[in-house]
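Visitor: Letter by letter, the chains look like this.
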Amino acid sequence: MSKPLRHDLQIIASWIAPGSRVLDLGCGEGDLLQFLMRHRQVRGSGIEHDETKVIAGIQKGVSILHGDINTEILDYPENSFDYAILSQTLQQVYDPAALIERMLQVASAGIVSFPNFGQWNIRMQLMFSGYAPKTPQLPYEWYNTPNIRVITIQDFRKFVRDVGLSVLREEAIAAQDENRLGKRIRFLPNLRAAYGIFMIGRGLQPKRQ
Amino acid sequence: MSEYAQHDISGRTVGIVRNQFFTFAQPPNEMILESGARLGPITLAYETYGTLNEEGSNAILICHALSGDSHAAGYYSGQSTPGWWENMVGPGKGIDTNCYFVVCSNVIGSCMGSTGPGSINPKTGKHYALDFPVVTIGDMVRAQNALREYIGVERWHAVVGGSIGGMQALEWSLRYPDRVRSAVLLATTMRHSALAIAFNEVARQAIMIDPNWNEGNYYSGQKPGLGLAVARMIGHITYLSDQSMRLKFGRRLQDKSDFSFQFDADFQVESYLHHQGRKFVDRFDANSFLYITKAADYYDAIRSHGDGSSVRAFSSSQASYLIVSYTSDWLYPTYQSKDMVKAMKKNGLNVSFCEIEADWGHDAFLLPNERLSAMIRGFLERVEYSDEQTSAT
Chain A
1 MSKPLRHDLQ IIASWIAPGS RVLDLGCGEG DLLQFLMRHR QVRGSGIEHD ETKVIAGIQK
61 GVSILHGDIN TEILDYPENS FDYAILSQTL QQVYDPAALI ERMLQVASAG IVSFPNFGQW
121 NIRMQLMFSG YAPKTPQLPY EWYNTPNIRV ITIQDFRKFV RDVGLSVLRE EAIAAQDENR
181 LGKRIRFLPN LRAAYGIFMI GRGLQPKRQ
Chain B
1 MSEYAQHDIS GRTVGIVRNQ FFTFAQPPNE MILESGARLG PITLAYETYG TLNEEGSNAI
61 LICHALSGDS HAAGYYSGQS TPGWWENMVG PGKGIDTNCY FVVCSNVIGS CMGSTGPGSI
121 NPKTGKHYAL DFPVVTIGDM VRAQNALREY IGVERWHAVV GGSIGGMQAL EWSLRYPDRV
181 RSAVLLATTM RHSALAIAFN EVARQAIMID PNWNEGNYYS GQKPGLGLAV ARMIGHITYL
241 SDQSMRLKFG RRLQDKSDFS FQFDADFQVE SYLHHQGRKF VDRFDANSFL YITKAADYYD
301 AIRSHGDGSS VRAFSSSQAS YLIVSYTSDW LYPTYQSKDM VKAMKKNGLN VSFCEIEADW
361 GHDAFLLPNE RLSAMIRGFL ERVEYSDEQT SAT
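Residue numbers (the working numbering), protein chains in the order written: chain A, 1 to 209; chain B, 1 to 393.
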């Protein structure tokens, strides 16, 4: 009935255990939560700041709170969720470390996906054109982009290590169009992948893919 | 509220409906009110639309606001004005009468068919007037619970209300957690701000200084019409907003090309308020206005259910909630809804919240709004869906 789930969301969905409790930060119209409710029997909540998207999501029957993820996440008691998801939003977050810290207080695992700024064509664009790079995942001009962070897969791995967390799962995806099925990248992901998806947690040893 | 009763442009309607009455708490088994006073017999006016299913699981209670009544949808035989929420309640609408059995009950203290200060006190044979005990939102809900038992509804699929109706819906979910599967709270609050109490008090004073008010004993003579009209004018200002008044009236003059340099209604906004005030006097009882505004001012879910803690107030609730506030509502501003959401989140309750951008102030929830209808429809369906899921596992 609806369009297929965005590819990175399909991968995230495949990581979610049935029956779990999920918090989706920046959930948009609640596509992922709706999918998880139907197919994984999850109990889900979303937070979204765009009124039109909130209304569309609630209309679909998804539980959504209209507000700012950075403040709305503060009210949940610890361990309210099994997973807290931040998909394609990290690049827009003002204080990523604080948000991720809080994600892992309210949930036992965090799932984060973001466009990979280390991809070869981005590096090439900057090198040869001299202009700030644009890609299907990062399509804005420098002056109107909502993306205030440039992150590479390598950066994120280092960040997770630096703040004392662990990568529990990791996937790197090459896709020109995020709505179509992308290819999983295992060799040189930081150079080749368009975006990365990580499941992170506390106190566990990193699992090599 | 009835100034918003309007024909739904879709033309879909529940059609001809009739007002019904339920009487209970016959002496000596009067209802003991929160104040300790006894009240009985009590009559509630109510209406129903749609059909109760065999499991009795598809009933929705609609709670009306201050001056509303049990006539939420459809038309009375021979009348051309529909119920006050015609645009929301009906076949295929936000609250779909093809799916749900909808009940709208009037509140005690009202003058719209239920027992209130304008009713005859069976003990004296005269109008209650100020002998009518002060009622609370809790009392109103307890009376509605007697109606629920009478109608044979085990558990409401949803209790829905805006403004003071939202307080009732909230109270239902806290007072009778096992009787309420979900609650839709529109433009409402857990308790009145000082601003809301202040406006209500000015409105009450306007009634009580009317020479015809006569300590509430005016039923055999002149009504305190001027006082009530002023009270309504004050109320009406609080239901609008700076923005809505600017858009609707601006500084335009009413049937004049220049100022009159007298104290006539020169401006359209003045003339509009006069009109609303006069209209209200024809249909509403001044004493009911006093009692219901006082009930709203007294309401404090945090005090009565949480002993001062909003988080504790929701500790026994099992309902799913949909909460909607409006950007230009200065009577029940968004921060009050957000406080409620916060307390619900801390209790792990299932809650959806949206602040709708609207110019029309507090009254926005009564105006036709396809987005609000769609949200309520989706929410009500999902409550059903998640219940099916729970029973399947």
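Since the hints were derived computationally from the structure, they do not count as laboratory data.
A portion of the hints provided could be inaccurate.
Label pairs and their computed distance ranges (CB to CB) [claimed, not checked]:
no. : chain 1 : residue 1 : chain 2 : residue 2 : range
1   : A       : Thr145    : B       : Leu247    : 27 to 37 angstroms
2   : B       : Phe21     : A       : Glu101    : 17 to 27 angstroms
3   : B       : Glu357    : A       : Thr71     : 15 to 25 angstroms
4   : B       : Gly92     : A       : Ala98     : 40 to 50 angstroms
5   : A       : Gly19     : B       : Lys123    : 52 to 62 angstroms
6   : B       : Ile209    : A       : Asp95     : 48 to 58 angstroms
Not close to chain B: a few residues of chain A, all C-beta gaps over 10 angstroms, as computed [what the hints assert, rightly or not]:
no. : residue
7   : Ala98
8   : Phe128
9   : Glu141
To spell it out: a stretch of chain A is covered by chain B in this simulated footprint if at least three of its residues, at any positions, have a beta carbon under 8 angstroms from a beta carbon of chain B; those stretches are [said to hold, decoys possible]:
no. : stretch
10  : 56-62
11  : 73-79
C-beta: ideal position from N, C-alpha, C; glycine also.
Visitor: So which of the earlier hints does this model not fit?
Guide: The structure conflicts with hint 2 only, although it agrees with all the remaining ones.
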